[in-house]
Amino acid sequence: MTEKREIPIHVPVLARVEGEGTLELRVRDGTIEELRLRIFEPPRMFEKLLEGRDYAEVPDMVARICGICPVAYQMSAVHAIESLFGAQPGPWVRDMRRLFYCGEWIQSHSLHIHMLAAPDFLGSASIVEMARGHAAEVRRGLKLQALGNDIIRLLGARSVHPVGARVGGFHRAPARAQADALREKLAAALPEAEALVRWTAALDLPADEQDFTAVSLRHPREYPMNEGRLVSSRGLDIAVSEFESRFVEHQEAHSTALHSLLDGQPYLVGPLARLNLNFDRLPSPVRTLADSLDVKFPSRNMYHSIVARALEIVVAMREAIRILEAYEEPVSAYVGVSPRAGAGYGCTEAPRGILWQRYDIDATGKIAAARIVPPTSQNQARMEADLRSSLQSLGTQQGEAALRRRGERVIRNYDPCISCATHFLDLRVRELKHG
Amino acid sequence: MNNARPRIAVHKFASCDGCQLAFLNLGEDLLALAQAVEIVHFAEAGPVDPDAAVDIAFIEGSISTPEDAERVRRVRANSRYLVTVGACATSGGLQALRNFADAREWLAAIYAKPEYIQSLATSTPISSHVKVDLELWGCPVSGRQLLAATRSLLFAVPPWYEKDKVCLECKRHQNVCVMVAKGAPCLGPVTRAGCGALCPAFRRDCYACYGPAENPNAESLARRFEGLGLMPEAVARRFLFINGAAPAFAEAGLKRRGKPHD
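Heads up: the sequence lines are chains A and B, in that order.
Every letter in the first sequence is one number past the one before it in the working numbering, and letter 211, counting from 1, is 211.
With the second sequence counted from 1, adding 1000 to any position gets you the working numbering.
Honestly, the hints are just simulated from the structure, not real lab data.
Cβ atoms here follow ideal geometry from the backbone N, Cα and C, with glycine treated the same way.
Some hints here could point you the wrong way.
Example chain B residues on the side facing chain A (calculated, C-beta under 10 Å, incomplete) [unchecked claim]: (1) Val1048; (2) Ser1128; (3) His1129; (4) Val1132; (5) Pro1158; (6) Phe1202.
Same shape as in the complex, but just chain B (with noise of 0.2 Å):
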């Protein structure tokens, strides 16, 4: 019985460790989830097999050495399925800024083309490097989409993942909408929904923790945060952040920190 007991593996790349909090905060869950597989490696917790074969492996933080490249690779042979958890591993994360920053000397002493920027980044995500399965966003990730994300690959069903953007949820709970009512530079127009449009909420724009939606119109909100008033480098800022280097995002706000006078 036991031996027929999926196996999981949680591993760990550059990042903070709160994604792995999300399952070490299930409570008496994080117990019932032992029982349902076998958890076979994950340092934080104790067990520790990293080079086990899985059924499924989560993977926390982004690859920023060699070493993490080639081990990311290892995992990647030893696992059916395998998932990132959170914007570390699913788009670099917010230490991937420094990859812009690296990439901007570099383009203003040489090169004036923006694609260059992504060969020259240092934090990237996992799916940089090897065939990524599902990818769950947040920072940090819900310990509700982990078991979600268990039990379908579990019963080998498509994942359910959300599409919708933060505005929708933010309807769904009748919150106030801060750009309108405050003239706040929010983004959840262009947020994958799925923190709960916790932001909002609490009556701050969003910074988009849960990375981007599908076919976010970041470039059309761009333009709208400068008519709010933004200056160039601020809208810049509101990009660049959690998730800056998501394609979608990167573009909409390197974009602007190419007009220095503006």
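Chain A with its partners taken away, still in its complex shape (with noise of 0.2 Å):
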């Protein structure tokens, strides 16, 4: 007979992720037989707030889902409504999206490099203390976040929340002298970025190769922000539209938290699986960076994620200043959009991955209902097999310390964005041994 010994550990919290964690443990005879990282998405039930909403609402209550992504909710929304109402905002739009983008992923990619992966890497606990022994580098890093929430600036007034943005294109269109000014900025900037990336691939990241899926979209030109296909590293290709026909969301035992799956399978969305499926829509001075490195891609190491984060900033900044030397102003910054009935679909490439939205619109443009698939549920199953895998290699009797050290590691590799939460992580270990 089994004597079942539970031994409930509580670790503190999770430091450096955005939001609370839980992960369970059980283990039996030093084997890890279940694993689950709870995440706890507090009852704010946006989707359900949605409901009754005027359409053009829907831009400024989607960006309050996450203060670190706020661009990308606005993105997949608007692309949705637009889609459904048969708006055509045209190329100007188009591109200034793609630039607003590009202010989102530098500023997002720059935080969780600097501020939540780098310090594992050199054995800080934070920017702060990284800061004595490494100021040149974390001052390149602030410099960059802060260019990034210039960009965002210029078409929202303010990087968290930004109010530019509205169904049609944007409520202003920014003068031509300040898209110079910030051109010039980011010009000057770009050698940082790319040192910024030969930094990242110079750390001591850990071997580690494993077997997974990536999910992203795939532009027929572009590396993808706002517009492509959904496409797989095991040869999926659909329509935006067709998602919920591979993807299932389902709820686990004993977990408030929803798990995407494709075909029943865990999946990898964000900048290593968008690297990997895209490297060949890489510019070329880009990919001529890329080929230079050790680190090479696609890649099947976790670690290698700070790596394609770095390199996503350095397409984000040549992406920017192409897109405003080119920059006019235009007659106007939006179209006007009539409301039709039915459902229409958005998919963007939030900075942790493909986020995707869906809504049931009536005829007078209420919204009937919602589904928004951000890409940490998509992780979440993903995050689950690598922590397996990750902690039963290092050794269950390691203790709750090197545990949740490890585990916490392997969690920032997904950069896990779980705003809504307390911060609390409680880690449990329930041992179950032969008696």
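Dock chain to chain to rebuild the complex, using the hints, since each chain is given by itself in its own frame.
Following this line, the structure appears as structure tokens:
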């Protein structure tokens, strides 16, 4: 018979992750039998809040789901609504939306690299501590983060919950002089972003090859942000509107968070998945830079995510410079739209991976139903699979501090955005031993 | 020397993390702040010590679970000053709108007294649970607000805060009034200044993310919106938004929800 001995271990707080997670392990004779990463989405119930609101209110509402990637929420929403209404905002709006997104990638990736991830590899507990030994690198990171925020501010007035985006385009077009000034700042900082890539590739990153299915958007010509088809490393190639036919969210027992599976299997979204699937879409100078590194892509090592993020900062800087070089003030910053009843679908590449949304709208433009599938819930099953193999190979006898440290480090590779949650990590190891 | 540094903590409740970003977006000022004070708890930035005694506790997010109600009492007990940052902590935030949805059903079925709506709230501001020393409005707050509050409290001077309305900021910036020029239902006349009148500068109507100003005449503005041609439900939605649970806005909004056939 088995004697069940439960040893709950409470680890105070999961540091340098956006939100709360509970990691539960059930260990029997040194083997992890069960592992659950529980992500609590406190009942903010955004999809219900959206019901009955006018379509025009959606961009300002969904921004509030996440303070770190509000642009992503706004962009998936406006694309979903416009696809239903048959709106054609035209090339100026298209370019500006790409520019807007570049700002968010630069801001979010810089923040993650310097404030959340890099301290792990440099033996620091925080960016403040890291600044003592690596002042120049920290200063460079803060500068790049600020540049990303500057781009968002150009089109959105502020970088968190920007107010510039609307269905049909933007509320206001930037003045030519503002665009020129920003382009100069970005061009001057480009070498620093390239140096950041080389710096991340030179970090002491563990070797840890894993088998996973990568999923991202793919565009005929561009590195994907706002548009494309959904593809995977196992041959998936579907339209955004077909998402629900292959990707299914389900609720795990004992967990309040939804897991999303592709054909019943875990999958990876985010910078590493994007880069693996779109390496041939990198602008050629970025491709040359990537090829010069010791870290090679496509990569199956999750620790290479930090290098993928740095490369995407360079992609976004170059794209932003290119768009701003061709900048012209438009006659109008948006097109008018007319509501139409039906369902609209939108999917864009948030910094952390694909963010899919569906809106059912009535003929008067009121939201009847909304569905939002954020990247973190899509990565959850993959994170659990990674944690299980990583913690098993570390050895469950290592004790709670070592397990937590490794667990946090693995989780940070995915840059989960667990907003809407308290920060307490509650690590529970239940040890089951033969008696 | 180091031991004498004031200690601060940043706690998160139900929120989007956007107000904490006001710290993380400070750039080099963040490093300067970390020299001037000791950041003892700020999980997203690294330091973790949720039960430490501190001089200033900054609170992001609203209270939506019994555990959080308990936790915020512990934070209060450990803190000399407690400062709420942002709409969620200060008014309950956008998520407080669900309280009205529940309340409306309840209301329709049993009661007809709007004052009960507050008692049904499931996303509530920090001040419903513990004493708050300073409230920083905004969705999100700015870095400037955080640094100014920190300085004032550490110098033990009464913190300065905006009492004016967004209209005044618009005049200072010489923005064209979007209500006068475009007939847009702008909430600037009842909204606390502090954002820099960003929305009117972007030629759109203010949606009150900085919450109600002092003595807002929300009812009068709501009638003005009706005069602009908005249906009562559309007027209600203007007020029942980011800070919809703030009493002045809730009153003006919910009153119009009660008239479905107007």
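- Task: Hints the structure violates: just list their numbers, smallest first.
- Result: 2, 3, 4, 5
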